[in-house]
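Peer 1: Starting from the known structure of chain A, arrange chain B on it as the hints suggest.
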Amino acid sequence: MTATFLILAALTVAGTAAAMGLRNAVHCVLALTVGFAGVAGIYLYLGAQFVGFTQIMVYVGAVAILAVFAIMMTHHPGLAEQPFSRYAVWGIVIAAAVFLTLARAISLAPAPSVLATSAPAAVPSATVQQIGDALMHRYVLPLEIIGLLLTAALIGAVIIAMDPKDSPQEEIE
Amino acid sequence: MTPLQGCLLLSALLFSIGLAGALTRRNAVLVLIGIELMLNAANLNFIAFWRYGPHPEALTGVLFAVFSIAVAAAEAAVGLALILAAYRHFRTNNLDRMNHLKG
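In order, the protein sequence lines correspond to chains A and B. Just so you know, the first sequence maps onto residues 0 to 172 in numbering that gives the first Met the number 0. Just so you know, the second sequence maps onto residues 0 to 102 in numbering that gives the first Met the number 0.
Next comes chain A alone, as it looks inside the complex (with noise of 0.2 Å):
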């Protein structure tokens, strides 16, 4: 728990509050952007270079200029609507409910024997060199399937978002 953990911790929990808390959803995405580089700072701070920056342009960069053109997109200038729901408090009920469940899980477990004795003090080396030979090797299927999975989701998002009405045939006729 130092200080660099406390000050990531707080900076992402305040992006993602405000990111679900706001009532202008551009804003919204604005701060979820905050948010998401919180947790890539927490990436990089626990050793994890690749995934903090993997997360950095994923999430950073593509899913929330993505939220941010779906927002633009099927947005009402005229019609200023509640961005809450009517059960809201039973949301936030149910939400802290959970939290607080998993918080008392979490400081009453025992500290398992195998985390708190062997628990390596310095970083774990997690170079790009290493990731890359374990996914050219020993995951090389998962690597494959994970290759189809992002084409098939492109084309199928293509499809699903294409306009019936103006679909190319329709202009040829």
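Each hint should be verified, as a subset may be incorrect.
What follows is a set of in silico ranges between Cβ atoms, one per label pair, in the way DEER data are often shown [to be verified]:
1. A108(A) - F89(B): 41 to 51 Å
2. R96(B) - V92(A): 17 to 27 Å
3. R87(B) - Q81(A): 16 to 26 Å
4. R103(A) - H54(B): 21 to 31 Å
5. R22(A) - F89(B): 14 to 24 Å
6. L100(B) - M135(A): 40 to 50 Å
Coverage of chain B stretches by chain A, computed from C-beta distances (three or more under 8 Å per stretch; other residues unrestricted) [claimed, not checked]:
7. 1-15
8. 36-43
9. 87-93
Derived from the structure by calculation, the hints contain no laboratory data. Small disclaimer: the values here were computed from a predicted structure and weren't measured. All C-beta atoms, glycine included, are put in the ideal place defined by N, C-alpha and C.
Peer 2: Positioned in the frame of chain A, the structure of chain B alone reads:
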């Protein structure tokens, strides 16, 4: 409190914030973002257990987190495409108004 418990507590808090957002927001895009936050909390747990676990040289936690991020990216793309398709049909992205399945 051990560093591992600190990471797990932060992850639990992140999960609860995402759950609260997914349960309370009306905007469909923000509900999807709440689900993304819950996935992020799971990734944080993978990295924390890798860092403070007994065999960090096996790289299992790092690789699981990388694959999980790839799946989450695919999920975000398909989810936002579904929201656009639903918006075209209902003319709103307010989830309280999307209250029938028939077209």
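Peer 1: All hints are to be evaluated individually against the structure, with a verdict given for each.
Peer 2: Here is how each hint holds up against the structure:
1. A108(A) - F89(B): 41 to 51 Å: 45 Å, holds
2. R96(B) - V92(A): 17 to 27 Å: Given range 17 to 27 Å: holds, Cβ gap about 24 Å.
3. R87(B) - Q81(A): 16 to 26 Å: Given about 23 Å between the Cβ atoms, the range holds.
4. R103(A) - H54(B): 21 to 31 Å: 28 Å Cβ-Cβ, so the 21 to 31 Å window holds.
5. R22(A) - F89(B): 14 to 24 Å: Taking Cβ atoms as reference, R22(A) and F89(B) lie about 22 Å apart, which means the hint holds.
6. L100(B) - M135(A): 40 to 50 Å: Since the Cβ atoms of L100(B) and M135(A) sit about 46 Å apart, the hinted range of 40 to 50 Å holds.
7. 1-15: Answer holds; 14 residues pass the 8 Å Cβ test.
8. 36-43: holds (count 4)
9. 87-93: Holds: 4 residues of the region 87-93 of chain B have a Cβ under 8 Å from chain A.
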